[in-house]
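Enquirer: Each chain, letter by letter, is given below.
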Amino acid sequence: MTDTVLALDGIDVSYGSTPILRNIDLSIEAGETVGIMGRNGVGKTTLMKTVIGLLSPTEGTVTYQGEDVTDLPANRRARLGMGYIPQGRDVFPDLTVHQNVRMGRSISDHKSENLVDRVYEYFPRLDERRGQKAGTVSGGEQQMLAIGRALAGNPDLLLFDEPSEGIQPSIVQQITADIGRMSEELGVTVLFVEQNLRVIRELAERCYVIDNGRIETELGATDLEDEEAVANYLAV
Amino acid sequence: MTASETTTDVAGAALLRTEGLTKQFGGLMAVDDVDLRIESGDIRCLIGPNGAGKSTLLKLIVGQLEPSAGQVFYRGEDITDLSQHDRAREGLSMKFQVPAVYGDLSVRQNVHIPLQREVSRRDIDAEIDETLESFDLLDEAGTRADDLAHGQQQWLEIAMAAALDPDLLLLDEPAAGMSVQETERTAEYVHRLNDRGVTLLVIEHDIDFVRSIAQSVTVLHQGEVFAEGTIDEIEDDPEVRRIYLGEGH
Amino acid sequence: MASETTTGVERSTADAPDGPLTRVRDALEGPNTLGNSRAFWAAFVALVGFLFVYPMLRSTYYVNNTAFLLASAFLGLSLCLVWGYAGIFSFGQVAFYGVAGYTFGVVSINITGPLGTVAGLTVGVLVAAGFAFVIGYFMFYGGVSDVYVAIITLAVTLVLNTFMGQTAGEQWAVGTARLGGFNGMTEIPSLALGIGDTAIRVADVPFYYFVVGTLLVTYLGLRVLVNSDLGYVMVGIRENEERTELFGYDTRRVKLGTFTLGGALAGFGGIVYASWGNYIDPSVFGLTFAALPIIWVATGGRKWLSGAIIGTFVVTFISQKLSVFGGQFSQIILGALLLIVILGLPEGFVPQIHARLPWLLNRLPGGGDSS
Amino acid sequence: MTALLPQVLNLLLQFLDSFGFLILSAVGLAIIFGMMGVINLAHGEFITVGAYGTALSYHAGLPLVAAMVVGVATTTVFGLILEFTVVRRLYGRLLDSMVATWGISLIMIQGLRVVFGSSLDSIGTPLGNIQYGTFSYSTYRLLLAGASLALLGALYWMFTATEFGTRARATIQDEEMSRALGVDTNRMYLLTFGIGSALAGLTGALYAPTMTIVPGMGSTFLVEAFVTVVVGGASVLVGTTGAGVLLGAINALFSNLFGTFAGRMALLVTTILIIRILPQGITGLLNQIREEEA
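Top line first, the protein sequences correspond to chains L, V, F and W.
Heads up, the first sequence is in my numbering, so the first residue is 1 and it goes up one at a time.
Heads up, the second sequence is in my numbering, so the first residue is 237 and it goes up one at a time.
Heads up, the third sequence is in my numbering, so the first residue is 486 and it goes up one at a time.
Heads up, the fourth sequence is in my numbering, so the first residue is 857 and it goes up one at a time.
Chain L with its partners taken away, still in its complex shape (with noise of 0.2 Å):
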């Protein structure tokens, strides 16, 4: 028995004629907390789309829990258990903050169980702020929205796409320990996406980095407590 959560397979992916992943390899397993790294347009937010299933791959498979998805429409694997976080948040703004919450439930269909409530636990403010329309509360609150939304649905699998972009570093610090906290808590496996040092650096057990659409180099955690080392593969 296998507990591989994840798995991607020789995966490449291209816009058009433009290729922009080539032949990535990466397994996740469960519980883990797995980061992707790299720079600015290196591809990172296409590997999560792939993941999720909003692009297809021109090459390779996408393993999910042991189940080949790699023709399954985003959708159906939402519902499989995967809760995605894309950058920029992506909240429904004409929606309450309730109502976008809401909208993760789907992704529980499998469960009996769903988790609205526990998302109200985790994030006070968005509790107070219930009744309000998602696009009227701040950039911050809006980053927790979107990871209470996918919160919801009590997903096996949370993907996220560079939580700290965009947010004031106070907020940042909070959403990290929140993170931390949630996969230790509801033993969800996290795969996450950033380039920002220190929250691949509290958060990731073990980091991939990517450049020019490959997988450079894979880093353990030993690897990641080498600060400078790190920030060589993000700055500029």
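Any given hint could be a false lead.
Unchecked claim - Computed cross-link-like contacts, SDA-like style, restricted to lysine to any residue with a CA-CA straight-line distance of at most 20 Å:
1. F/K806 / W/G967
2. L/K133 / W/S1091
3. L/K133 / L/D90
4. L/K133 / L/R105
5. L/K133 / W/L1142
6. L/K133 / L/L72
7. L/K133 / W/A1017
8. L/K133 / W/Y1012
9. F/K806 / F/A527
10. L/K133 / W/G1140
11. L/K133 / W/R1025
12. L/K133 / L/Y120
13. L/K133 / W/V1094
14. L/K133 / W/M1014
15. F/K806 / F/T773
16. F/K806 / F/V632
17. L/K133 / V/S319
18. L/K133 / V/F261
19. F/K806 / W/Q966
20. L/K133 / W/G1021
21. F/K806 / F/N550
22. L/K133 / W/E1031
Hint data in this document are derived by calculation from the structure and do not stem from the laboratory.
Quantities reported herein were computed from a predicted structural model and do not represent experimental measurements.
Please build the complex by placing chains V, F and W on the supplied structure of chain L, with the hints as guidance.
Expert: Just chains V, F and W, lined up with the frame of chain L:
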């Protein structure tokens, strides 16, 4: 800068100057009080983390977006209220981040449309050939623009923007999605344009590319000018390093 | 598909470079039109020759009917110019057609004799152009975008339909011309060109020649236009308006100009129609008629002048035959045709045939000039 | 004073009648356009199908209300089939969708004529008239104004309070994200088109007793529907309601003062002016106000 200085601008000063340029989207300050100054003949690179407001700034300069506040001066003249096409006629040209070529038309037709502004009917075929030649696209003259490889589409768009014979050319990520060789070639085109007297303002992420073209660099962060200087100064600046690593200020 | 949109124009002529023939061909040819080869021009000359001898081969009835079919092409071409080249989806080209037709009627009934019809022709075209200018100004300078253009032009047309429909009473007359409500305006004189006794009354066979002649001039004139710098700008607007604006072109002005010219051309078609049948009624502003030019042009190939002309001729011909032989199923077949084209051949059938022509010619014994 | 009151009342009744007609004509079109970006030029014929379904089953002996239900059901099924076979291929091709649905409309009009002849027996307007002084008003037409309000209320409830409504709105706001949260957006579009069709069918069913039932009757509704949708803009409920109030008032006023014809002309002139000033319609104006407040 005092109020009196905003209205008078010395002749022969900066080719492009923005003053207090601001763009607000809802509650978000995409560009926040930016004063930018670009001298004639410069190659300036604009860098900064995602969401820093770089593309928005370019769109404000070229007139695609209206600023919430502030002004744009071009050759000392206030062009803030000028339409996009009037700015283009004044010698401002732009290449978009996502290639905005005429996908259904041939490469030749693509270049024809801007070039006919500058060249008479009689000479246009020769001029198109020359333009395509200088961007190594002559062999593709008959290809539909949508059928070009990504790199070639980027070059075609630069060729189109350059066909207007601009004084100031704005390039939004000209090397995005390119291989190392393609990026090098793009840098070569940029230099060639600059040698012809074109001033360039370039948004770019690839720091090697920036190093290969830029004379000076402006760092934008959260809509504001964060730092300015030569590429070496910027690279050694610990503050810049920190915003790139996401540790704020 | 790619071949005809992309290949540069080959300019091998027997004429000396810079000779007059080359200059004429340069003006007429370019990537914005189909048919840039000597074979095309040979076929073109043959077709025109045939059209000129046609009245000697058939009875006046057929000549008259063919004239009517050909006259529809003005409306088709006007939509082709506006929609196919400049990307303005006008659902109301028939408004200009009808307005000009009515104007022609009013003027030519009030001013008797050939002078009246010439004045009616002139005023009618000017009124249609002016009307198109006003509507175009409202739309393009108000930032009205594609679908809204369609809806506004359609709404304008339908209101004209309502308006003309209620003009049955005595009080609805301009001078001696009664508008006639749903029964329409009758006794519109046939065109006569010239002054006084020397004028030629344009009916039957002369009308046919008038239509063939003006259509020929219009087609060649539009070829020159769409292959000119302005034509390139129009195509640029169709493909990507924002981009074209950033090349320094005032796209609103170009769209307004194109729309006005399209209005004038549609108006000319309406005058020819009113003069052909000596009659016009509010159904020219009706929903059904408004959609016809779209069907013609979409079926033939909206992005090409020849597509518009051939599409207009073929579809009008088919629907005529259908109404004779297909009876009540004619509209159904027409609708199905439209559906099939949009779903199956979104670019129209003429460019498809054009792209396959070399292949077809090569299959013929002896091969062919594949250019 | 006493002379003025009946005038005002008359104007009010005319407004309600006009408002009801605009809203009921437009609402199906507005939903399909606002949520899917498809212009359904066969909208008038969808209404016709509703009217035919109602009239045919009424003449077959069903009570009027049951006949109306049949009319709505027929139109819904018809719309679902069309979405599945044709409309589905036209998402994102706005102009093509107009041309194709125009083809559908031609087929439908003539198809109805071929099958059912040039007209059906009329049903006759039920419920009699309201008399007030010299004025007389059809009770049923006033009931229709009430029905349009009830319909707006029901739609408001559906879009804001139900699971389906939330998902539908989420899909318009961000299709990709909705898919990533498990919403089958293709099915969403199918259902939305079905609802739009059902509403068109309802309009046909409701107006069937008041009209001559002929294959081309759809065009009576189409212009008003378009004008209302254009003036309203993309926001289905707020925009359409606003447009209904504004245009209904103008139509009633001009009809009352200068006759039906003037009312229709005023409708168009208003539309042109509004498009000129507010290219995004009333929705655009509301968004602008909201932006400035934010």
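Enquirer: Quickly compare the C-alpha distance for F/K806 and F/A527 to 20 Å and report which way the hint goes.
Expert: violated (30 Å)
Enquirer: Quick one, are L/K133 and W/V1094 close enough, alpha carbons at most 20 Å?
Expert: With Cα atoms ~16 Å apart, L/K133 and W/V1094 stay inside 20 Å; holds.
Enquirer: Under the criterion that the straight-line Cα-Cα distance not exceed 20 Å, is the pair L/K133, W/G1021 satisfied?
Expert: Measuring from Cα to Cα gives roughly 15 Å; hence the hint holds.
Enquirer: Take a quick look at whether L/K133 and W/G1140 sit within 20 Å of each other, Cα to Cα.
Expert: The given pair, whose Cα atoms are some 18 Å apart, holds under the 20 Å limit.
Enquirer: Given the hint that L/K133 pairs with W/Y1012, test it: the Cα-Cα distance must not exceed 20 Å.
Expert: holds (16 Å)
Enquirer: Does W/M1014 lie within 20 Å of L/K133 when you go C-alpha to C-alpha?
Expert: The hint holds at about 18 Å.
Enquirer: Quickly compare the C-alpha distance for F/K806 and F/N550 to 20 Å and report which way the hint goes.
Expert: Roughly 12 Å between the alpha carbons, so the hint for F/K806 and F/N550 holds.
Enquirer: Holds or violated: are the alpha carbons of L/K133 and W/L1142 at most 20 Å from each other?
Expert: holds (15 Å)
Enquirer: Would you check the hint for F/K806 and W/G967, treating anything up to 20 Å between C-alpha atoms as holding?
Expert: Answer holds: F/K806 to W/G967 is near 19 Å, not above 20 Å.
Enquirer: Going straight from one Cα to the other, do L/K133 and V/F261 come out at no more than 20 Å?
Expert: Within the cut-off at roughly 17 Å; holds.
Enquirer: Next pair to validate is L/K133 with W/R1025; report whether the Cα-Cα distance is within 20 Å.
Expert: holds (13 Å)
Enquirer: Quick one, are F/K806 and F/T773 close enough, alpha carbons at most 20 Å?
Expert: Holds, because 18 Å separates the two Cα atoms, which is no more than 20 Å.
Comparing the model with each earlier hint shows violations of hints 6, 9, 16 and 17; every other hint is respected.
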